[in-house]
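**Student:** This is what each chain is made of:
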Amino acid sequence: MDNHGSHITEYKVLVRVLFVLLLCTFLTISVTGFNLGAFTVTIALLIAGFKSYMVLSYFMHLKYESLLLRILVSMVFVLFIIIVLITFIDYSFR
Amino acid sequence: MSEHITHVEEHRDDEASKLGMWLFIFTELLLFGGLILVYSVFRMQYPANFHEASLELSVTIGAINTVVLLISSMTIAMAITAIQKKNKKLTLRLISITVFMALVFLFNKYFEWGHKFEHGLYPGSDLMQLLERGHHLYFSLYFFMTGLHALHIIVGMVLLIICYVKVNKGSIAHDKFVFLENGALYWHLVDLIWIFLFPLLYLIS
Chain R
1 MDNHGSHITE
11 YKVLVRVLFV
21 LLLCTFLTIS
31 VTGFNLGAFT
41 VTIALLIAGF
51 KSYMVLSYFM
61 HLKYESLLLR
71 ILVSMVFVLF
81 IIIVLITFID
91 YSFR
Chain D
1 MSEHITHVEE
11 HRDDEASKLG
21 MWLFIFTELL
31 LFGGLILVYS
41 VFRMQYPANF
51 HEASLELSVT
61 IGAINTVVLL
71 ISSMTIAMAI
81 TAIQKKNKKL
91 TLRLISITVF
101 MALVFLFNKY
111 FEWGHKFEHG
121 LYPGSDLMQL
131 LERGHHLYFS
141 LYFFMTGLHA
151 LHIIVGMVLL
161 IICYVKVNKG
171 SIAHDKFVFL
181 ENGALYWHLV
191 DLIWIFLFPL
201 LYLIS
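Listed in order, the protein sequences are those of chains R and D. Quick note on numbering: the working numbering labels position 24 of the first sequence as 24, and the sequence is numbered without any gaps. Quick note on numbering: the working numbering labels position 157 of the second sequence as 157, and the sequence is numbered without any gaps.
Hints were generated in silico from the structure; no laboratory data involved. Beta carbons are placed, not taken as given, at the ideal position from N, Cα and C, and that holds for glycine. Mixed in with the good hints there might be a few duds.
[Unchecked claim] Simulated restraints on C-beta separations: (1) Asp-175(D) with Phe-93(R): 31 to 41 Å; (2) Val-78(R) with Val-158(D): 24 to 34 Å; (3) Lys-12(R) with Glu-28(D): 27 to 37 Å; (4) Gly-114(D) with Ile-71(R): 43 to 53 Å; (5) Asp-175(D) with Phe-34(R): 18 to 28 Å; (6) Val-59(D) with Phe-93(R): 29 to 39 Å; (7) Phe-100(D) with Phe-93(R): 23 to 33 Å; (8) Phe-34(R) with Gly-114(D): 30 to 40 Å; (9) Asp-175(D) with Val-84(R): 35 to 45 Å; (10) Phe-93(R) with Asn-168(D): 36 to 46 Å; (11) Ile-71(R) with Leu-31(D): 15 to 25 Å; (12) Leu-148(D) with Thr-87(R): 15 to 25 Å; (13) Lys-86(D) with Ile-89(R): 48 to 58 Å.
[Unchecked claim] Chain D is faced by these chain R residues, among others (derived, beta-carbon under 10 Å): (14) Val-55; (15) His-61; (16) Lys-63; (17) Leu-67; (18) Phe-77; (19) Thr-87; (20) Phe-93.
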């Protein structure tokens with residue numbers, strides 16, 4: 001009937017994803033320990049971005065969903081990034 | 001006519017149910033997105049104040065809560081695997097673990113907030129009025145964002161308890177589990193938001 005119903009994410013895959021996520025959390029905490037100036041926030045946010053990618057694709061099953069849904073979800077993040085960029089351009093040139 | 005009614009059960013559309021849930025999740029993401037935007041702008045304007053204020057938070061409690069939410073996210077994803085494999089007992093157990101993790105999260109949050117309240121630090125308190133503008137903004141955003149997030153944890157818990165009851169009754173089963181999937185999606189959303197809140201609020205250098 002529906003393609004997603006047939007796909008079962010194995011337990012071990014989920015455990016592996018959790019392990020990666022925990023590793024990333026540890027990495028985020030240690031990265032902010034060093035003072036890398038502006039890079040610290042950037043790295044922390046990049047790791048957070050990767051973590052959310054993992055959660056979205058495996059825990060939220062997006063990897064196995066329809067293309068339509070995957071495009072829609074990416075569009076929300078693209079929209080948010082555009083809003084942030086426009087706001088920061090506005091504030092930087094005041 | 002009566003034939004139609006008897007076939008109603010077969011006409012469900014899981015794909016559409018999930019699409020609806022995702023559309024709701026989009027509004028939630030943009031709600032928190034807006035708050036993160038406000039936070040980013042003020043952080044850019046008061047970088048030193050935000051750094052000093054963030055030192056008041058315990059990175060340990062924040063990290064524990066991150067781990068708790070990540071584990072709970074995995075257990076609820078596993079609950080879907082379990083229901084697909086027709087393992088009702090394991091599904092129920094995994095949902096219970098997830099709800100328990102949610103309680104642990106709220107317990108930590110209670111102590112974290114309680115500690116601040118004891119020191120007179122809460123929205124609208126006399127101490128808050130005396131703080132520097134950057135500190136005031138940081139703590140207002142901290143309470144608002146974590147508070148709204150905690151509210152979502154509570155809603156998620158209620159949803160998961162409903163899932164538990166439905167699995168127990170058998171109205172969620174291996175061939176009709178979209179309700180559990182949507183409940184799980186909501187729970188992952190709560191996790192997703194925390195993934196961003198934790199580095200932004202707790203880890204400012």
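**Student:** Look at each hint and say if it fits the structure.
**Tutor:** Verification of the hints:
no. : hint                                  : result
1   : Asp-175(D) with Phe-93(R): 31 to 41 Å : violated (58 Å)
2   : Val-78(R) with Val-158(D): 24 to 34 Å : holds (32 Å)
3   : Lys-12(R) with Glu-28(D): 27 to 37 Å  : holds (30 Å)
4   : Gly-114(D) with Ile-71(R): 43 to 53 Å : holds (44 Å)
5   : Asp-175(D) with Phe-34(R): 18 to 28 Å : violated (52 Å)
6   : Val-59(D) with Phe-93(R): 29 to 39 Å  : holds (35 Å)
7   : Phe-100(D) with Phe-93(R): 23 to 33 Å : violated (50 Å)
8   : Phe-34(R) with Gly-114(D): 30 to 40 Å : holds (32 Å)
9   : Asp-175(D) with Val-84(R): 35 to 45 Å : holds (43 Å)
10  : Phe-93(R) with Asn-168(D): 36 to 46 Å : violated (59 Å)
11  : Ile-71(R) with Leu-31(D): 15 to 25 Å  : holds (22 Å)
12  : Leu-148(D) with Thr-87(R): 15 to 25 Å : holds (20 Å)
13  : Lys-86(D) with Ile-89(R): 48 to 58 Å  : holds (54 Å)
14  : Val-55                                : holds (6 Å)
15  : His-61                                : holds (8 Å)
16  : Lys-63                                : violated (12 Å)
17  : Leu-67                                : violated (13 Å)
18  : Phe-77                                : holds (8 Å)
19  : Thr-87                                : holds (6 Å)
20  : Phe-93                                : violated (13 Å)
Taken one by one, the earlier hints fail for this structure at numbers 1, 5, 7, 10, 16, 17, 20, listed in ascending order.
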